[in-house]
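Here the protein sequences line up with chains V and F, keeping their order.
If you read the first sequence in our numbering, its first letter stands for residue 1, the second for the next number, and so on.
If you read the second sequence in our numbering, its first letter stands for residue 1, the second for the next number, and so on.
In short, the hints are calculated from the structure, not lab data.
Idealized CB from N, CA, C, for every residue including glycine.
Check the hints yourself; a few may be wrong.
Claimed, not checked - Below, computed lysine to aspartate or glutamate pairings styled on EDC-like, alpha-carbon distance capped at 20 Å: (1) V:Lys-247 - F:Glu-39; (2) F:Lys-30 - V:Glu-400; (3) V:Lys-224 - V:Glu-256; (4) V:Lys-491 - F:Asp-361; (5) V:Lys-185 - V:Glu-27; (6) F:Lys-30 - V:Glu-486; (7) V:Lys-185 - V:Asp-3; (8) V:Lys-381 - V:Glu-418; (9) V:Lys-342 - V:Glu-400; (10) F:Lys-30 - V:Asp-318; (11) V:Lys-175 - V:Asp-213; (12) F:Lys-30 - V:Glu-256; (13) V:Lys-331 - V:Glu-348; (14) F:Lys-360 - V:Glu-486; (15) F:Lys-295 - V:Glu-480.
What the hints assert, rightly or not - Quick list of simulated restraints, FRET-style, between CB atoms: (16) F:Phe-8 - V:Tyr-109: 53 to 61 Å; (17) V:Lys-175 - F:Gly-190: 33 to 41 Å; (18) F:Ile-263 - V:Lys-175: 43 to 51 Å; (19) V:Ser-445 - F:Glu-213: 28 to 36 Å; (20) V:Thr-488 - F:Gly-190: 41 to 49 Å; (21) F:Gly-285 - V:Phe-347: 54 to 62 Å; (22) V:Tyr-109 - F:Gly-16: 51 to 59 Å; (23) F:Ala-264 - V:Asp-129: 50 to 58 Å; (24) F:Phe-8 - V:Glu-256: 21 to 29 Å; (25) F:Ala-46 - V:Glu-418: 54 to 62 Å; (26) F:Phe-279 - V:Asp-307: 34 to 42 Å; (27) V:Pro-320 - F:Ala-143: 25 to 33 Å.
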Amino acid sequence: MTDVVLSLQKATKRYAGAPAIEDVDFELRRGEIHALVGENGAGKSTLTKVMAGVVTLSSGVMMIDGATAAPSTPLEARQLGVAMVFQENSLVPTMTVAQNLFLGQERFYNRLRGVYIAAQQFLQSLNFDVPPTATVAALGAAKKQMVEIARAVLHKAKVIIFDEPTASLTPEEKKYFFDLVRDLKKRGVSIVFISHALEEALILADRITVLRDGKKVVTDDASKFDRARIVQAMVGRDLSHTLYGVKRTSVRPAGERVLTVQNLKMAPMVRNNSFSVFAGQITGVFGLVGAGRTETFKVVAGLLKRDFFHGGEVTLRDNPVRYRVPAPAVKAGIAYVTEDRKVEGFFETASIARNIYVGLLAKFPRGRSLLSKREQAKSGKDWIQRLNVRAIGSEAKVVELSGGNQQKVVIAKSLIQEPDLIIFDEPTRGVDVGAIVEIHELVNSLADQGKAVVVISSYLPEILALSDRILVSRQGKVVEEFSALEATEEKIMYAAIH
Amino acid sequence: MFGALRDFAQSFLGRGEATITVPSFDGALKPNQALENAEIVLQCEAPEDLASDGQNLFLADGVRLLRIEEKGATAVREFDAPITAICALPGSGLAVALGGQEVRCYGAPADAQPSVIFSDVGRAVNALTPAGDDALYATDGSATRDYKDWVWDLMERGRSGRALRLDLKTKRVDVLADRLRYAFGVAAMGGRALVAESWRHNLVAIGPEGASEVVRAHLPVYPSRLTPAMDGGWWLTAFAARTLLVEFVLREPAYRKRMMAEIAPEFWVAPKLRSGESFKEPMQGAHLKTMGVVKPWAPPRSYGLIIRLDSAGLPLFSLHSRVDGINHGIVAALEHKGRLYFIAKGPRRLLSLPIEGLAKDYSE
Numbered sequence: 001m002t003d004v005v006l007s008l009q010k011a012t013k014r015y016a017g018a019p020a021i022e023d024v025d026f027e028l029r030r031g032e033i034h035a036l037v038g039e040n041g042a043g044k045s046t047l048t049k050v051m052a053g054v055v056t057l058s059s060g061v062m063m064i065d066g067a068t069a070a071p072s073t074p075l076e077a078r079q080l081g082v083a084m085v086f087q088e089n090s091l092v093p094t095m096t097v098a099q100n101l102f103l104g105q106e107r108f109y110n111r112l113r114g115v116y117i118a119a120q121q122f123l124q125s126l127n128f129d130v131p132p133t134a135t136v137a138a139l140g141a142a143k144k145q146m147v148e149i150a151r152a153v154l155h156k157a158k159v160i161i162f163d164e165p166t167a168s169l170t171p172e173e174k175k176y177f178f179d180l181v182r183d184l185k186k187r188g189v190s191i192v193f194i195s196h197a198l199e200e201a202l203i204l205a206d207r208i209t210v211l212r213d214g215k216k217v218v219t220d221d222a223s224k225f226d227r228a229r230i231v232q233a234m235v236g237r238d239l240s241h242t243l244y245g246v247k248r249t250s251v252r253p254a255g256e257r258v259l260t261v262q263n264l265k266m267a268p269m270v271r272n273n274s275f276s277v278f279a280g281q282i283t284g285v286f287g288l289v290g291a292g293r294t295e296t297f298k299v300v301a302g303l304l305k306r307d308f309f310h311g312g313e314v315t316l317r318d319n320p321v322r323y324r325v326p327a328p329a330v331k332a333g334i335a336y337v338t339e340d341r342k343v344e345g346f347f348e349t350a351s352i353a354r355n356i357y358v359g360l361l362a363k364f365p366r367g368r369s370l371l372s373k374r375e376q377a378k379s380g381k382d383w384i385q386r387l388n389v390r391a392i393g394s395e396a397k398v399v400e401l402s403g404g405n406q407q408k409v410v411i412a413k414s415l416i417q418e419p420d421l422i423i424f425d426e427p428t429r430g431v432d433v434g435a436i437v438e439i440h441e442l443v444n445s446l447a448d449q450g451k452a453v454v455v456i457s458s459y460l461p462e463i464l465a466l467s468d469r470i471l472v473s474r475q476g477k478v479v480e481e482f483s484a485l486e487a488t489e490e491k492i493m494y495a496a497i498h
Numbered sequence: 001m002f003g004a005l006r007d008f009a010q011s012f013l014g015r016g017e018a019t020i021t022v023p024s025f026d027g028a029l030k031p032n033q034a035l036e037n038a039e040i041v042l043q044c045e046a047p048e049d050l051a052s053d054g055q056n057l058f059l060a061d062g063v064r065l066l067r068i069e070e071k072g073a074t075a076v077r078e079f080d081a082p083i084t085a086i087c088a089l090p091g092s093g094l095a096v097a098l099g100g101q102e103v104r105c106y107g108a109p110a111d112a113q114p115s116v117i118f119s120d121v122g123r124a125v126n127a128l129t130p131a132g133d134d135a136l137y138a139t140d141g142s143a144t145r146d147y148k149d150w151v152w153d154l155m156e157r158g159r160s161g162r163a164l165r166l167d168l169k170t171k172r173v174d175v176l177a178d179r180l181r182y183a184f185g186v187a188a189m190g191g192r193a194l195v196a197e198s199w200r201h202n203l204v205a206i207g208p209e210g211a212s213e214v215v216r217a218h219l220p221v222y223p224s225r226l227t228p229a230m231d232g233g234w235w236l237t238a239f240a241a242r243t244l245l246v247e248f249v250l251r252e253p254a255y256r257k258r259m260m261a262e263i264a265p266e267f268w269v270a271p272k273l274r275s276g277e278s279f280k281e282p283m284q285g286a287h288l289k290t291m292g293v294v295k296p297w298a299p300p301r302s303y304g305l306i307i308r309l310d311s312a313g314l315p316l317f318s319l320h321s322r323v324d325g326i327n328h329g330i331v332a333a334l335e336h337k338g339r340l341y342f343i344a345k346g347p348r349r350l351l352s353l354p355i356e357g358l359a360k361d362y363s364e
């Protein structure tokens, strides 16, 4: 048996003639943690999908344990010992956690209680606090991710591929995840993981491979990399000073009070939450997963309903509002850019232009009698240009785009509504550094135009880099407010935990 | 019939008028302890209002009019009724409201005889300000209760306040707006009067013909007097902060009626100018204290707040005395010679802060 568990030689995958990866050589050693980094569209996901049997190579060879392998389905790959945890989770939302864990492994006769007990024990062994009887749809993004990870571990794979595994995890959950990965490594499992959080790659990985434009740029030991070297390899230019870590020296002054949330209740996630959002400012909202941030703003945007009895009050420009569906909120100038773009953000098989046009139509709660294909094409083209969406054209399907470009489509879909209050929920989750810079510039320009902007993020450097004012949420309500000038990571985290 | 059904449904569901919520102190209203750090200028008997002619600072203290000097205060004169409002007039004149009912204008503060008298202007005249063209704006809090009985007006859900324009030449009194829910504080805003409506927690701009526009709504406090800031905008004082408990009581008429009939006003569930002095007060124990220490974030029975507004009425920053502080019940604030003087009616003090650096220190 060789030391190399999986390798790819001259791997090429073309979509409609355009190469997603080209002549990539890749080698995964037994018991190593190997990080794959690169901008969105660099080919990381395609490379891992080839390994996991989701797509097959156009040319080139894949070898597993020294033998040529060409799995054409994820099931075949799993039988060969390769499992993948997807970036956009692939769980069945209407089934319970336990059912999802054992999906595909059912016996002829399944005793449900036994399945739940086995799932409970397994989840506890991983230190994951997820109830096995809960329906997946009711779980937050982080817990869904945990179920995904648990499922891969359960399949006893010798290679586990993680696509953005920590994007939705809190710092504490990340620590658990890192321990879990190290534990898997000790057991001889090889790990491939894609991450846009470069620090994670540096901390966790033994080796790092950088891809750019579908080609391998470099593979080296993690100890020989630093953040700047990775970024330079990824984008071909130095971005390290434009993203995070620059201390704010000024903040935008607060304008008109656009939104006031008073004693909002939505059991069990939002508990007596009160705060305001002002025009011309970016209000950052930080909190651990389960702090009720997303739910609060979903109530504001009409995506969720507050408690029926004594649910509190939401005022938009001093007028009480109560949206039962999103359409009137959109009409009133509220746009919510979802954290879960695959499920809530777009119609993946529809074109970019159509998705953006749907956003415009949402502004008319009673519908529009006339739809214009010309208007659709024009708006699609405009927004692709304005947000620098990298696509073949406005008729390209959203599913074909990389994560960062999909996110830009979701943003365009909201911005076409010309909102006054824009709520970005985890705007750069699963987005590469180049696109992060562009999205940050966009968010800043919206605030400069006098719009009220809310950025919900679990990534502290992002909150610090973007916000003029930072609200910290804990256990369903805002517990602390900081100016960006006084805020530090320590202060914010202390408020979020204690 | 429909109204009654609606009211019942709203109170059952906790919606509409029955939504018992209070806006949070955030953004420019984020709490600090600035008022607790202020310098005590004078301990008084019954401080009420401030006025400045640019050179001299005057303080209304009960029936006495005091001039504040570097080493204390000098009595300028005494009146036969408590002063409820004062303001400086152009050309070193002074206007005073006495007993909430009468407004007198003097050519100079020490003049024996007033130049103009407006008798029976109202029942609770509580703020005066020059309106230009030999006129004054005044606010009359209530037509049913005296100035000192403001808490009765709140508990009776009074709506008999008025904004007035007093013409010094013709001695005519024009009612700019009536049915206000305790008008308390007025400032000139272009050709209009900017009026603080305490029980509605609003600032309203009222034009000469009575047309009104809400400039700032849903304040988390009971706003009171307004004075102009030197570099544009105003200083707005608030004599108490809103709490969920008081908001709840204000929606329970039977409870209020019985409370007013059976309990001494100082122990009502109502905003106060000072608190923490008696064990009979509502909201005790863990409401306010942890391990014997008053929680600064506890529901405030009394509170101190001054808000700096810009020329559009937008809050820029605020100065607070929180629940664990003393300088509560702020009813007047005035800029004078680079300092901000203010009256904390709770501890009966005149205090001051240097204006320079306030914006930098207390802006977001």
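Verification of the supplied hints:
1. V:Lys-247 - F:Glu-39: Roughly 35 Å between the alpha carbons, so the hint for Lys-247 of chain V and Glu-39 of chain F is violated.
2. F:Lys-30 - V:Glu-400: violated (46 Å)
3. V:Lys-224 - V:Glu-256: Violated: Lys-224 of chain V and Glu-256 of chain V sit about 50 Å apart, past 20 Å.
4. V:Lys-491 - F:Asp-361: Given that 20 Å is the threshold and the Cα spacing comes to 19 Å, the pair holds.
5. V:Lys-185 - V:Glu-27: holds (16 Å)
6. F:Lys-30 - V:Glu-486: holds (13 Å)
7. V:Lys-185 - V:Asp-3: Holds, because 14 Å separates the two Cα atoms, which is no more than 20 Å.
8. V:Lys-381 - V:Glu-418: holds (17 Å)
9. V:Lys-342 - V:Glu-400: holds (12 Å)
10. F:Lys-30 - V:Asp-318: holds (19 Å)
11. V:Lys-175 - V:Asp-213: violated (31 Å)
12. F:Lys-30 - V:Glu-256: holds (16 Å)
13. V:Lys-331 - V:Glu-348: The hint is violated at about 24 Å.
14. F:Lys-360 - V:Glu-486: holds (12 Å)
15. F:Lys-295 - V:Glu-480: holds (15 Å)
16. F:Phe-8 - V:Tyr-109: 53 to 61 Å: holds (56 Å)
17. V:Lys-175 - F:Gly-190: 33 to 41 Å: violated (59 Å)
18. F:Ile-263 - V:Lys-175: 43 to 51 Å: Cβ of Ile-263 of chain F to Cβ of Lys-175 of chain V: about 56 Å, so the range 43 to 51 Å is violated.
19. V:Ser-445 - F:Glu-213: 28 to 36 Å: At 32 Å between Cβs, range holds.
20. V:Thr-488 - F:Gly-190: 41 to 49 Å: Taking Cβ atoms as reference, Thr-488 of chain V and Gly-190 of chain F lie about 44 Å apart, which means the hint holds.
21. F:Gly-285 - V:Phe-347: 54 to 62 Å: Roughly 57 Å apart at Cβ, these two residues keep to the hinted range, so it holds.
22. V:Tyr-109 - F:Gly-16: 51 to 59 Å: This hint holds: roughly 56 Å between Cβ atoms.
23. F:Ala-264 - V:Asp-129: 50 to 58 Å: holds (53 Å)
24. F:Phe-8 - V:Glu-256: 21 to 29 Å: violated (35 Å)
25. F:Ala-46 - V:Glu-418: 54 to 62 Å: Holds, since Ala-46 of chain F and Glu-418 of chain V (Cβ atoms, about 55 Å apart) stay within the stated range.
26. F:Phe-279 - V:Asp-307: 34 to 42 Å: holds (36 Å)
27. V:Pro-320 - F:Ala-143: 25 to 33 Å: At roughly 30 Å between Cβ atoms, Ala-143 of chain F and Pro-320 of chain V fall inside 25 to 33 Å, so the hint holds.
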